[in-house]
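So you can see what is in the structure, the chains are spelled out below.
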Amino acid sequence: EAGVAQSPRYKIIEKRQSVAFWCNPISGHATLYWYQQILGQGPKLLIQFQNNGVVDDSQLPKDRFSAERLKGVDSTLKIQPAKLEDSAVYLCASSQTNNEQFFGPGTRLTVL
Amino acid sequence: DQQVKQNSPSLSVQEGRISILNCDYTNSMFDYFLWYKKYPAEGPTFLISISSIKDKNEDGRFTVFLNKSAKHLSLHIVPSQPGDSAVYFCAAGGTSYGKLTFGQGTILTVHP
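So the sequence lines, in the order shown, correspond to chains A and B.
Taking our numbering, I'd label the letters of the first sequence as residues -15 to 96.
Taking our numbering, I'd label the letters of the second sequence as residues 12 to 123.
No wet-lab data here; the hints were simulated from the structure.
Quick caveat, the model's predicted, so the values are computed rather than measured.
Built from N, CA and C at the ideal position, the CB exists for glycine as well.
Just so you know, not all the hints are guaranteed correct.
Unchecked claim - Below, a sample of chain B positions facing chain A; criterion: calculated Cβ distance under 10 angstroms: (1) Q25; (2) P55; (3) T56; (4) T106.
Said to hold, decoys possible - Here are some chain B residues the structure puts well away from chain A; computed CB gaps all over 10 angstroms: (5) F57; (6) K79; (7) D95.
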């Protein structure tokens, strides 16, 4: 079974630029999550999708972050404009149930 | 407000001995708890979980203990192996919703 795929693996941008991350979940997983993991902290949920609908986006900074999951499969997370404090690893996860989540390798974003 | 806390940033153990990683939580609504293991440049990998209706779950060398009255869980690894060296995250959630809240992580180093 193929795991959760994410791209790019690394991205370096300057502040005020925009950036987008892509995630392909495990086939058949209806629920998709985006997490932000800042160095030295645990992952923090940004947004949760059930199929192509948003279940929870309470911690998503909506003035600069946006996410979509068209057709209920792949998802993209965008930051526009980026700030220095957005430097983090962005993790995508998917699950069949509400319990065990499977994570992708993450995208490490550095904002200069 | 940090609802899941791992108070030990790091733990060093000799190969063959027991590793004990601890986690405390504050939210009484949590009824499902998981441990994830993370190697550098990889996403977190599910290790073991426990439902609030149990106080112990065992899987090979890994055992998770849950003390609901103390709102505390622990992960025991016996015997510890150098390959267990990684960051361990405790996570908590509810079976009725998918959102997981993670602790800050504990870096485990197992010395040969």
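(request) State the violated hints by number, sorted upward, taking the hints as numbered earlier in the document. (result) 1 and 5
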